[in-house]
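Peer 1: Whenever a hint applies, use it, and build me the whole structure from the sequences.
2 protein chains.
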Amino acid sequence: MRIDGLQYANWSEKVFRQMREGGLDAVHVTIAYHETFRETVLNFERWNRWFELFPDLIMKGQWASDIDRARETGRTAIFFGFQNPSPIEDDIGLVEILHTLGARFMQLSYNNQSLLATGCYESEDPGITRMGRQVIEEMNRVGLVVDMSHSADRSTIEAADISDRPIAITHANPYDWHPALRNKRDDVIRAVTQNGGMLGFSLYPHHLKDKSDCSLQSFCEMIARMADRYGVAHLGIGSDLCQDQPDSVVEWMRVGRWSKEIDYGEGSAANPGFPPQPAWFRDNRDFGNIEQGLRATGMSADEVGAIMGGNWYRFFEANFGPQGRA
Amino acid sequence: MRIDGLQYANWSEKVFRQMREGGLDAVHVTIAYHETFRETVLNFERWNRWFELFPDLIMKGQWASDIDRARETGRTAIFFGFQNPSPIEDDIGLVEILHTLGARFMQLSYNNQSLLATGCYESEDPGITRMGRQVIEEMNRVGLVVDMSHSADRSTIEAADISDRPIAITHANPYDWHPALRNKRDDVIRAVTQNGGMLGFSLYPHHLKDKSDCSLQSFCEMIARMADRYGVAHLGIGSDLCQDQPDSVVEWMRVGRWSKEIDYGEGSAANPGFPPQPAWFRDNRDFGNIEQGLRATGMSADEVGAIMGGNWYRFFEANFGPQGRA
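Line by line, the protein sequences give chains A and B. Quick note: the first sequence, position 122, residue 257 per this note's numbering, numbers continuous. Quick note: the second sequence, position 243, residue 378 per this note's numbering, numbers continuous.
Check the hints yourself; a few may be wrong.
It does not matter which identical chain is used: a pair holds within one copy or between any two.
Within a straight-line C-alpha distance of at most 25 Å, the following computed SDA-like cross-link-like pairs (lysine to any residue) qualify [unchecked claim]: (1) K149 to G228; (2) K346 to P410; (3) K195 to G456; (4) K195 to N275; (5) K195 to P457; (6) K346 to A414; (7) K395 to Q427; (8) K149 to A315.
Hints were generated in silico from the structure; no laboratory data involved.
Peer 2: Here is the structure:
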């Protein structure tokens, strides 16, 4: 089973066919970075059209059982998430509305301070806000998973503690392997995984040691060490693949509407666009390379299978439904 | 089985308890008259809170099978509908979005001309619009039922013909029993029922012969005649009960934001508010009176059961899911 814990491609029939070639049974896709509620609904509508146009390649994913149905019918189940709480605006009632529409992950902040939590690029992190505590409780109630991939350390550790249900860092790597602002320190990963949560390893070059030149061996040996440190059951892939996107999209991700100035995020003025992917992970067809690379570290087939998809499956199964029900 | 094809009460624990006392297994409730998409979502949110607050009395209804679940657990299943297409604004993609949120009926117009069809108070009725044809097709595809209760005659007959699936007049009476502008002429009812559609008989006094003084016998004998004329399988109740609403609400229904002047609708300057209900149908506890009144006309227990709920059940079962699936 292969499940990717995060992608944001420039969606097309080509990408959906490559998902099939890569054997992807499920992908969590981002449908909001800075969008308001209404703009997010337009993004749900675009996906509804893709489901209507390509019923043999993809299907809407709402529950882990949809992954079984996708496997049986040779399709990829698409699960939705937000990288920012902007879709709920200031309205806690939208948590359940968006879950009903199919949202399954929501980051509490994206780089900046939000109404709920602090982002990883802020200089101060006062932790989870008043509204943030209420929203985490409501997300727990309906089955919308807290994702802290772009949040600051204190906010992340507090979210893991406040949440009654496991949370996720869908796409990031350990800071001590590659000290990027978006990668996570040991105490942060520990807080998430000790509470039953998940870490998805990212293949976005700015998150990789040696960036675009990162070797498959270095990436996979890092994962093997993290399995020893945090337990293999808490690890998956969250590729952060942004295939076929123009550079204007990475600018939108970074700047949205919040600034009049260019913010280079993890890039720089000299290198403002999407960095090239490593040669061994260009697109959805290359998940087999990671699987082989993990086997080459000496991990067992069961361990590799858990990281490639089994752990996400179990996590989806436990955390997408209403609290107190399987 | 008892199913009411339309209500718009001032919802409260009291009303929900009276639904249980009246043995209502399901009620189609209006959640939009003039609301935009975002305002309609706020109304879904209010219902989500009621479902959370009163889980022993009511539950969200999406499919006919939810009525079975409601009966087994002693609750009333609440199904949602709109009396106007205002919730989809000018965006056909919102048809599927709102169906996903739980909408199951949508009127194509409410008294006035809409983007889709003509209302029953307009002097000219040019029929279904260009967008209207597309929206009917999309409603057919996802399982959102076309309701023409407040539409004009030509638009209604055209909608019944254009629609691949049966349509409904959820709440109205025959014009030849009581010639109100909102009641329906024979050719209109025939177009709807001949295509497999449903007519729900209204208990709103302006739709009743002798209005608030209408007798139970007159109402039930009219239904028995209509069963002979159109076939008992196409008839149900759509009480239009607006219990506990202040008169400001009937003004909102009539005027919305479309006029700066007062429009009295079926009332008058001398009688602008909600008219008093007939003594034999004051609220949800009185559905038993209608059942007895129908038996008194000589209809069989099976026929009465079909009109009190069985027909709506079968209609819900056939028409709320995606086209081509049961």
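Peer 1: Taking the hints in turn, state whether each one holds.
Peer 2: Hints, verified against the model:
no. : hint         : verdict
1   : K149 to G228 : between (37 Å within a copy, 24 Å between copies)
2   : K346 to P410 : within (8 Å within a copy, 74 Å between copies)
3   : K195 to G456 : both (16 Å within a copy, 16 Å between copies)
4   : K195 to N275 : both (22 Å within a copy, 20 Å between copies)
5   : K195 to P457 : both (19 Å within a copy, 14 Å between copies)
6   : K346 to A414 : within (11 Å within a copy, 79 Å between copies)
7   : K395 to Q427 : neither (45 Å within a copy, 71 Å between copies)
8   : K149 to A315 : neither (32 Å within a copy, 58 Å between copies)
The structure does not agree with the numbered hints 7 and 8 stated previously, though it agrees with the rest.
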